[in-house]
Structure formats: C-alpha cells, structure tokens
Amino acid sequence: MRRLATLSTSAALLLTMAGCASSGAPTVEQTPSLNSTEGGAPAAAQAAPLSDQAMLATLWIQRSAEFHGLSLQAFNVAHDRLNLALARRSAEDKPLAVVVDVDDTVLDTTSYGGWALREGRTYDSQSWADWVDDAVSTASPGAVDFLNYAHDSGVDVYYITNRKAVGKQATIDNLAALGFPQANAEHVMPRTDSSDKTARRASVTAEHDIVILMGDNLGDFDQAFQQATSAARHAEVEKQAGEFGRRFIMLPNPTYGEWEGVVYDGNWGASDAEKRAMREAALNVWQPESGSVSQGK
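Its first residue numbered 1, the sequence shown is counted upward by one per residue in the numbering used here.
Hints should not be assumed to be uniformly reliable.
What follows is a list of derived Cβ distance ranges for each label pair [as the list claims (entries may be wrong)]:
1. Gln62 / His151: 24 to 30 Å
2. Glu274 / Asp152: 24 to 30 Å
3. Leu56 / Ser153: 34 to 40 Å
4. Pro254 / His151: 36 to 42 Å
5. Asp222 / Val293: 40 to 46 Å
6. Gly154 / Gln287: 39 to 45 Å
7. Asp133 / Leu72: 27 to 33 Å
8. Arg118 / Asp272: 44 to 50 Å
9. Asn83 / Gln287: 47 to 53 Å
Capping the alpha-carbon separation at 30 Å, the derived lysine-lysine pairs in DSSO-like fashion look like this [said to hold, decoys possible]:
10. Lys239 / Lys168
11. Lys297 / Lys94
12. Lys239 / Lys297
Hints in this document: simulated from the structure, not taken from any laboratory.
Predicted model only: the values in this text are computed from it and were never measured.
Heads up, the beta-carbon is just placed ideally off N, CA and C, and yes, glycines get one too.
Sequences are here, hints too, so could you generate the full structure?
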C-alpha cells in the first residue's frame, strides 16, 4: 500500500505510508465542477484545502460501525478459509502461512492522518517516523483474534509491510503490545529497496504454502495489479476474480492507495488545484438536462 498517499501529495491527510507507490498530469475533461458556484453550490468549497476531502474518509474508518463490521467480516472470512486449508492439508505438504499487510490491514494508522488534518500539516517522513516510533497504532477489528487462531493452529504469520526498516523494531513492539502473534524480527518484513512485495512474498513461498493474503491495496496480493490505468487494474481484478474472498482478502481503505495515483496518471507532484481538477474529471456525473450519466476518465 502506498503510505499516506494523499497526505504526501496534498496538504494533509492520513497516511502508505508505506506501508502503508507513481507518473504527467492528465487532460482534465469538461465535467461539471463540484466547486462551481452556479446553481447554489457553496463558493467556500473553492477555498477548502484539498486535504479536507480526506476528513470524511478518515472519520468513516475511525467512527463508523459499518467499517467495524466490514473489518470483522474480512477476518471472519479469513478464519473460514484457513479452516478449509487446514482440513485439506496433508502431512507431506509445506507448512501453511498467512501473509498480512500491516498499515490499515492489521493496524489502524488513521490517528496519524487525524493529527495531520487537525494541525494543517502535510505528510513528511520525519513526522511519520516519529509516529511509528510512538507505537500507538490500534488493532483493526478482528485482526488479533484471527492471527492468534492461525498461530494456535500451527500456521506461520508474516507481516509484510512497506514501512521502512528503520521502524521495524517499533512496529514489532506495537504488534506485540496489542497481542499479535509471531511479532518478531523474522516474521515482520519491512521494505528495503522497493515497495514491490513480490520478493518478500517469494521468500515466504520458498518454505511455505501461502493460503491467505490480506491487505488494503491490490499490491499486497500480486504486482500484476500495479497497472497504469484504472481500466487495466479492473481488468486484472476480473482476471483474478476467483482469488478474492478465497486467497485474497481485502479490507476497505478510502483514504489513500494506488487507486489515487491512477486518478492522477501517476503525477503525484501535481499541484492541489490540478489534483482537484483531476479528481473531478474522474467522476461519473449525472446530466439532468439529457437524463444521462457522463463517464469520468
């Protein structure tokens, strides 16, 4: 997962991180502007910081019972899928493993984004590192129970995160304090040279059968999802449709991720005004005059 993608590119959001990564601004299509003052739309919207668009998404994760239920649902599905894998396993098979992303999969990082939003700050590596060192993340609902069930069932748990290696011990401490199993130097795998998790997954696969992968970003499952366009990403999801809810188990995260970079055509360095325009251009918009819907890019 791209670490705090929105904060790192706008003016303050929630995370990535790193955990928990991308390229020329697109031409903005002629779709109605949400900030237009025509038709009674509030002119104040034009002056609102781009980061304010992240506040409701952050609150949804922190406050909504719906998110709570979805998180429990994801880990309940993982529990059922693990039981099926355990029942099918034979003595000569490789040991089983569950691989999970850390940020906004098993740990809730939204307090960092909340701080940035309240303080009017942008993401920066130093404040993020300080936050990681404080080890104040809370556990995602259902995560501790599921991973302890996996551990008690003789399954190895690997935490593959795009947090940097400098924060590895703090991450281990945070996980251990919350009761996560196998929170140690061998099983917590931060990024090194690349945010691509393929090599780290392969190192687990060398000795294990990975029966479940959990994450909030498609790159947590397979690098094949790292496509440049929304259409290509959707096509790859359809290609691997049979894996979702079986081997791939996703958690919702509307606050940041590779999906946002696709909206910007990878141009993370665009100005806030350019990003706002690209976001609006990507919307599907009802056209009441024609009784139709114009499709975003």
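Exercise. Any of the earlier hints contradicted here, and which numbers?
Worked result: 2, 4, 5, 6, 8, 10, 11
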